[in-house]
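*Asks:* Residue numbers (my numbering), protein chains in the order written: chain A, 1 to 921; chain B, 1 to 538.
Incorrect hints may have been included.
Unchecked claim - Here are a few chain A residues that sit away from chain B, every Cβ distance over 10 Å (derived from the structure): (1) ARG354; (2) LYS436; (3) GLY523.
Said to hold, decoys possible - Stretches of chain A that chain B covers, calculated by requiring three or more beta carbons in the stretch to come under 8 Å of a beta carbon on chain B: (4) 782 to 795; (5) 904 to 911.
Claimed, not checked - Simulated restraints on C-beta separations: (6) A:GLY161 / B:ASN320: 33 to 43 Å; (7) A:LYS565 / B:GLN317: 51 to 61 Å; (8) B:GLN317 / A:GLY161: 23 to 33 Å.
If you are wondering where the hints come from, they were derived from the structure by calculation, not from laboratory data. Even glycine gets a Cβ: it sits at the ideal position worked out from N, Cα and C.
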Amino acid sequence: MRQLRLAALLLVTASSLQAQGATLSGRVLDINGSAPLVQALVSIEGTILTATTDAQGRYRLETVPAGPQVIRAIRIGYAPVRRSVTIPPSGSLVQDIVMAKSALSLPGITVTADPVSRAKGELGTASVIEHEAIRNQSAASLQGLLELIPGVPLQPPGLDGVQQFGLRSVPISVGGGGNGPGAAQPSAGSLASFGTQIILDGVPISNNTNLQSLGPRGELSFSTSAGGGIDLRRLPASTIERVEVIRGIPSARFGDLTQGAVLVETRAGSIDPEVLTRLDARTVEASAVGGTALGHSNTVSSTLDLARTRIAPGQTDDESSRYSLQIAHRLEKGRVRLDTRFDGFQILEDLPERPLFPGFESMSRDRGLRVSERGRLDLGTKARLELTSAFESLRQRSFARENKLTGALPFTNRLTEGRQVGEFLGGIYNARVDVKGDPRFLYNRLELVSEPHWLAREETFRAGVELRREWNAGPGYLFDIASPAQISFNGVNGFDRPRRFDLIPPIVTTGLYVDERVSRRVGSEGTLSAQAGLRLDLLHDGRSWLSGVRDQSVQPRFNIELAPKPSFRLRVGGGRLAKLPALASLYPGQQYYDLINVNYFANNPAERLAVLTTRIVDKTNPNLGYSVADKVEAGFEADVGHRGAQVSFLVFRDRIKGGVGIQSTPTSFLREHFRIVDSTIGTGRPPDYEIPAFAADSFPVLIDRPDNNTILSSSGAELIAVIPEIPWIRTRIAVQGSYIKSRLETNAVEFRSNFSEFQVTGDFPRVPYWEGATRTGDRLLLTTRVIHQQPQAGLVVSGTFQFTLRETRQNFGATDTLSFAGYLTRAGELIPVPAVQRGAPQYADLRLPRSGLLSDAQKGPVDWLFSLQVAKTLPAGGRLSFYAFNTLDRIGNFGTRTVTARLFAPMRFGLELTMPVVVWR
Amino acid sequence: MALRLASIVLLLLGCAASSAAAQSLGLDPEHDTPIWMRTWSALGTSADLPRRLEGVGTATSGLMFGPPRIGTFWTAGNPAGLVEGARDTRSDFSGTWSRQSGNYHRPLEPNGTTLAQGAAQAWKGFSPTFAMLGRVTFDRERLEPGSRAVTTEPFGSSPFVTTDTSGSGVRRTRATLEGAAGWRLGKWGVGLTLGYEAREHSSTTSGIVRKIRLATPGGVFGIARRLGGIELAIHARYRHRTEETDVAEKYENGRVYELVGYGEALGIDILGATGDYIRHRAENASAAGGSVAGAFGPTRWTLLAEATRLRETLWRQEVNDPPRDRWDANGWRARAAIQRSLTPRWLLTMHANAASLSGTGDLALDTAGIIFTAHESAFATEMELRLLPLDQGWTGSLTVGWTHESRKRQDLMVHLGSSISANTPSVGFDIGRTIGSRLLVSMGAALAPYGPTSTIPDPAAAGPVYRYYVAPELDLYASRATPTAFSFLIQYRGGKNAVLWLTGRGERLSSSESVPLSAFTPGGNRSAASFAGGITLR
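Taking the hints into account, I'd like the entire structure generated from these sequences.
*Replies:* Next up, the structure:
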C-alpha cells in the first residue's frame, strides 16, 4: 500500500506540471550528392509521431515532446538512421538527416548499446542495441548481443552450450554437491536467468514448463535449460533488428519476472533482402532476411537462419546446430494494424558416442513453433486498443545413455504403496533415460493505450489484462525399469519411476495492470517525467482462468526522471516484481522409496529373493507461490560538453524473496525385516520368507519439497560513459563499468555427504545438521570499446577490452566442529542443540567438520581480455566482417590456482559476409 | 564507384598467390607471389629463416599484378611511403585451390595437403596525402595423416619443436587481416601497418587429439622525410606470437617428443589418466631499420637495412611465471631494389635480399646454460626483364636469380652439429599474348637446381628419435634437387575497370642424387598444383 500511495502521489505531483512541444522539420538526404529521399519514414522513438518525406525529401512533425528525443528514419534500400536531438519546449527545430545505403558509410555510426535510450514506452533504465550495433557484434545468438550491456562477460560466438542470461547477477559458489542433500538447491545464476524475461516481438518466451531435467540426482546428464532461463541459442542475432534491455524497473506491463526484461524485435517489414554467411574454425552459419510491400496495406517478410558449431573439433564429434525460420506479415488499413508472426526453430545438441567411452552418449533437441498475432485498433487520435495473442508449441526430446556398474541391487517397479517381490539388478549395464516434453504456452493480452491529457499534455495511460496458460503435454520421463538410470540410493530422493508429463496440471495465471506515464516542464528548461503503475498477478489453482487463486502478488512500480536541464537527468525507480514457480516446482511429482525387507542373493538367479516395500511421498508444496523481487535504483545521466559525451551512473539493489529452493523435511519410515524360512540352494527356486517381521527399524529420509525459501540479493553500481568521436583520429570510446555483488541465502538445513550411510547402515543413531550457509560473489568488470571509423573507406574497427578488476566468491557459515545446529534422529526428528551446549560430552559424535563450504574467499587476480572486429563495405553494397574473440588467445592469470588449464575461453576467429540479394524484387 | 574502388579489405574471395603460402607446408605457392607484394606485411618474421622445401616460381603473377613496384613502402616495407607507393586504386578478389603430395618431404610434414582459400586485397590513394591498403584471407587446409609436427611452424631457426607419434590428420583454419595507412605531411611521411593472424589446428583422424591455436598480432610504424630527390625513412616493426598446443588421448596412447637440436629427446606419454599435454610458446620478434630511396635519371632505387631480434619462450606448467625454455636470436636484414625503363616497353628490375642471424637456446630446467647455437644466413638476388603489355600483341618476362643459403647449427649438449650451405641459380620465363582487346593468355616455366655442400651428423650413430624426426630432413637439405614449375594465366577484361582471371601452376621436386645419402633420405618426388580464379577491379 505504501507503494500505491507513492504512485498516486507521483501522479498528482505530475498533474501540476505542464507539457510543451515543438515542431521538428527538415530534409532526408542521400549521403552521396545530397539528393532528397522521398518516402522515407521519420518518427520519434517511443511516440506515435511519424511523417513521410515528400518529393523534396522534407518531413514535418508537430507537437514533438520537449527534451531529449531520438529521431528515427527508415527507407527501403537505406540503412536505418537514429539521431539524438534535444527538442525545445516550444517553437521549431530544423534537423536534416543523411542516409546511406550502408550504415558503415555514415560518420558516427553507433556500434555499442545506447546507454541513455529507453525501451519503447518505458522510463526505466535500459540499454538499447540497434541494428547497426548488432551487425557489428559478430554474435551467433542473442547472448552475444547482450555483451553490449554493463556487467556481462565476453563469450565466444557460437552455439557451444546452453546459453542463459541473468541480468544483474554474478556467479557464486553453489551449495550442496554430488547427490547429497542440498544438491537440488538453485544457483544464483539459474535464479537470475529464470527471472529474466525474454520477450520476442511483444510476446514473452517462457521456460516455466521445461521439464527436460533428470532431477537432483543427475546420475546421467544431458544438455538442458530447465530450471533457468530460456536457451538463447534459439534467437539468431542475424535476424534481430533491435534489442531493448530494461535493466532497471520495468513498467507494470511486464509480469513473470524478477530481474528485468530483454525485448527482442526481429527483422520484419520492408527489408532489402540480404544473405549472411559466417565461417570460423568451429561455426558455420547462413541466414537470409528479406521483406517486401504487397500493395499499400501489406508487408511480408521472412528470415531464415541455419547454424552449426562443432563443440570440440578433433576431440569429439559433439556439435550443436540450429535452424530458425520466421515469417511475418503486417496489415495496415485504416485504423487497424495486424502483425502476424510464425516462428519455427530447432536447437540440437548432439554428443555422440566416443571411441574412448563406448556406451556414453546424449542428445537434446528442442523444436518449436509459435504463432502470434498483434492487433492494434486506433480509437481516434489519442487512444488505441492492442490485442496480443500467441500460442507456442515445443517438442523437447532428450536422452542420455551411460554404462552403469552396481552390485546386487534389489529393485521394484511398483507404482503404488505396498510390498512385493522384486528383482535384482547387478553388474555392468547400459542405462538409458529419455525425457520427452511438449511444453505449450498460450498467451493473451488486451491493452488500452490512451493519451488522455488528464495530468499533462504528454501523457500515456495503459491498462491491460494478461492471460497465460502453460502446460506440458509430453509423454514424460521414460526409462526401462530393468536398467534404471539412477542406482545410487541416498535416501533423500529415493528411486525414480517413469512419469507422464501430460498428467501434470497446467499453470494458469491472470495479470491485471495499469500504468501511467507523464512528462511536464519544470522551470524554464527542465522536465519531470514519471511512470507509475500497479500490477496484480494471480496464480490459479485450477485449469482455467475462472479457477480459484492459489497465490497472488500485488506489484507497484515507479520510475521518475527529473531533468533540471536537458543535459542532466536524475533518475530514481523502485518497485516490486514477481515470478511464477516453474511447473517442475509446482508439481514435483511423487517420490518412491523402496525399503528392502528381504535381500537374499544366491549364485543362481532363480534362487534369489528380494522383497521390498514401496512408500510414496508426494513432494508437492501447496503453499508454493510467487517469488517476489523488490528493486530500487537511483542515478543520473548527463550530456557532457558540446560534442555530446554521455555519462550515466546508477546504483541498484535487488532482493528476490521467496526464490524457489528445496526444503528438506525429515521423516521416517518403518522398515520391516523378514526372515528366510528355508534354504533352497540347488532347487532352482527362491526361498520363502516368514511373516510377521522378525525385526523392524526406522529408516530416516528427507523429503525435498520445493519451497519459497531462498533469498537472492544483488546490489551494485553501473557506470557508462560514451565519449564522442575524436575527430582527428575518428575514434570513439565507450566505457561500461559494473560492480555487482550477489548474496544467496537459503533457509534450509544441510548435511554431510555421508548422509546415505547414516540412513542405510543404521550404524549411527543420529547425524548432525547445519543451517544454510550464505553464499556470495562479486565482480567488478570494466568494458571499454574503442570504435575507429573511416567513412571514406566504409571501414569500422572496434576493439573491446574487458578488464576483470575484481572477482571473488565466498561462503559465510561456520565450519568448525562446533558449528552444527543440531542433529537428526533415526525417527526423522530434527533436534536443535543450543550453541552453548555443543561442546558437551554427549554431543561428541556430532562434532564433525562441515563439508562443502568454501570458507576461504576465492579471489581471482586482475585480468583482461580483448576482442576485435573489423567491418568493411563491399562494392555491391555488401559487407565483410573479420572478428576475433580473445584475439590474443590469453589464457588468463592463474594467481595461486594451478589446476585449471585455461581461465578464458580460447580464441575464436572468422569472417562474416553479408550480401544484398538484388533479384528479390 | 568511389566507394567500390576504395575497398580496403574485401570479399571472401581472395588474392590467391599472395597468401596461400604462409600456411601451406612443402612446395610453396608463395614462390609465385612477387617479392614486393610480401615485404610490407606486419606479420613477417624477424631474426628467423624458416627452412622451406626447395622450390621455384614463375613470373606469371607479374602479368596479373603489373610491373614490380619498388620504393619505401614496397621494398622497405615502411608504411610512411604508402602514399607514393599506392597512388592508384586496385582491388583483387579470388579463390584458390591447391594440392601437393609426394614422398619427397620432411618427417614433420605429411604426404599430402589440400588447401582452399579465399582472400581479398585492395589499395587506394584517397588523396595526395592519404592512402590505405588492406588484405584479408581465410583458408582451410587439410593435412593427410603422417605429419609429426605438433606446432604450427616446425621449420623455423629455433631448435625447440614439439612432435608426437600419432601422425594424425589435421584440419587447419587460418585467417589473416592486414592493413596499412600512410599520410604525407609536406616533406614528412608517416605510416602505420597493422596485422593479425589467427590459426586453429585440430586433428581429424586419429586416436590422439591435437589442438593448436596461434595468435599473431603485429605492427610497423614508419617515418619518412624527403631530402631533395631522395627519401630517408626509418621504421620499427614488432610481432607477437602466442601458440598453445594441446595433445590428448582419444582412444589411443601416444607419446610426445620435445625436440631440442640433435639430442635424443625423451618421450612424454599421453595417457588419459595423466591429462593433456599442453605447451605454450610465446614469441616476440622486432626489427628497426632505415631505408633510402631515390632516382638517378630513369633509374629508381631503394636500399634497406635493419637489425632484427627474436625472443621465443616455451613452457608447460599452468602457473604464473613458469620456468621457460628460451631461444634468442639476433640478426640483420638488407634489401636493395633497382628499376629502370630501358625503352617505353622494356623494364628492368633487380632485387637483392640478404639476412643473417645468430641464435642461442637455453633449457629452463637444466644448468648447462646455452645448449644450442645457430648461425644462419641467406642471400637472394633476382633480375627481371619485362616486356610491358599493350592492348594487343606480345608481353612477357625473363627472370634470372641466384640464392645462397648457409645454416650452421650446433647442439652443445650432445656435441653434434650440422653445416649446410647451398647455391641455387634459377631461371624462368613468361610469355603472353593479348588476343583481341580483352583476352590475355600467357604461360611460363622455371627451374632452380639446388646444390648443397653439407656436413651433418651420422644418423647411424644416433638414437631412434633423431633418426626418425631429424635425420630425414637433414638428408633432404644435403641432397641435390631440381624443382621445376609451370604456370598459365588467362585474363579477360570484362569492362573498363574489371578483369576476370584464371591461373594455374604446377611444381615438381625430386632429388637429383643418384644414390641416397643414407637409409633415412626421403625418396620419390613431390608435386604441387594450384588453381586460382578471381576478379580485379581498378
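*Asks:* Confirm or reject each hint.
*Replies:* Hint check results:
1. ARG354: violated (8 Å)
2. LYS436: holds (32 Å)
3. GLY523: holds (48 Å)
4. 782 to 795: n = 5 at 8 Å, threshold three: holds.
5. 904 to 911: With 5 residues close enough to chain B, the hint holds.
6. A:GLY161 / B:ASN320: 33 to 43 Å: Given about 28 Å between the Cβ atoms, the range is violated.
7. A:LYS565 / B:GLN317: 51 to 61 Å: holds (59 Å)
8. B:GLN317 / A:GLY161: 23 to 33 Å: Holds, since B:GLN317 and A:GLY161 (Cβ atoms, about 28 Å apart) stay within the stated range.
The structure fails to meet hints 1, 6 from the earlier list, while all remaining hints are met.
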